[in-house]
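J.: Sequence:
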Amino acid sequence: MNKAWRGIDWSQPWFQPFAAVGATIGADPHVDLHASLSQTAADLRNARGLPLRFVSQENLPADTAYESHIYATGEVPTRDNLHDAFNALVWLHFPETKQWLNRLQAEELSRAGVASERGRARDAATLFDENAVVFLYEDDALAAALRDFQWQALFVAGRDAWSKRCAVVPFGHALLEKLVAPYKAVTAHAWPLRLAADSSLDEIDHALAASLREARDTLRGGRSFAPLPVMGIPGWCEDNADPAFYADHSVFRPGRRSQ
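Numbering (this note's numbering), first residue to last: 650 to 908.
Keep in mind the hints are simulated off the structure, nothing from the lab.
Possibly wrong hints are sitting among the right ones.
[Unchecked claim] Label pairs and their computed distance ranges (CB to CB): (1) A890 with T713: 48 to 54 Å; (2) T713 with D847: 40 to 46 Å; (3) A790 with D847: 16 to 22 Å; (4) P831 with A684: 27 to 33 Å; (5) R760 with Q688: 30 to 36 Å.
This one's a predicted model, so the numbers in the text were calculated from it and none came from an experiment.
All C-beta atoms, glycine included, are put in the ideal place defined by N, C-alpha and C.
Based on the sequences and whatever the hints tell you, model everything.
T.: Right, dumping it as structure tokens:
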């Protein structure tokens, strides 16, 4: 994995929040990834206050759920692939939010067990963990355009607002893996968060965790989020400088929401 990790173009805008740490961790193919990640996470804790460590997948007992193991031990089983390496990077940059997601998953697993259906809260937590972006905004009209599938208003008429009055920060590790080789139809689950576009990752993490905690009782799977085709974000794709880019209704679909 270190070879593939070193091949990532950290200059891409979607990797920028993670670039300094990601490029450093993947720089030496002879350094053990788990040891490097754990060293970087030396000051971090899980939701129970236990030291956070990244360990081999073999450390996960066969009869124990992944999220339950993290909650009980502080160990994050990490396979030798990009998917899990990006998950580790998100832990390093959004520890408070990851703690909350892990606590929710572990509590729901303890209550309902592994074999049952996940339920709406766990389903929403999983979707967020895998595929979310945080949509930072200060202008309610921009958040409304996102929720209402008003792509022209958000990306064309509102183009000058990006990086000034709104911005997107990736969170989902499966989304980050897809963006190693991006394509037009990549679509994220967006969580609108009223916060300045230039907020620090620490500020975003704290506000994001708080907003998810407040919404726990109303989370309802994919319907809790706004679909966002991320290649439409200004600066994320050269082709989207042409307004015709957004005329592709197979990607930039009109809304059909009841809520």
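J.: Indicate, hint by hint, whether the structure satisfies it.
T.: Now for the hints, and whether the structure bears them out:
1. Taken as a hint, the range 48 to 54 Å holds for the pair A890 and T713, whose Cβ atoms sit roughly 49 Å apart.
2. Remark: the range hint 40 to 46 Å for T713 to D847 is upheld by a beta-carbon distance near 41 Å.
3. Checked against the hint of 16 to 22 Å, the C-beta distance between A790 and D847 comes to roughly 19 Å, which is consistent with it.
4. Our hint of 27 to 33 Å for P831 and A684 holds, since their Cβ atoms are close to 31 Å apart.
5. Our hint of 30 to 36 Å for R760 and Q688 holds, since their Cβ atoms are close to 35 Å apart.
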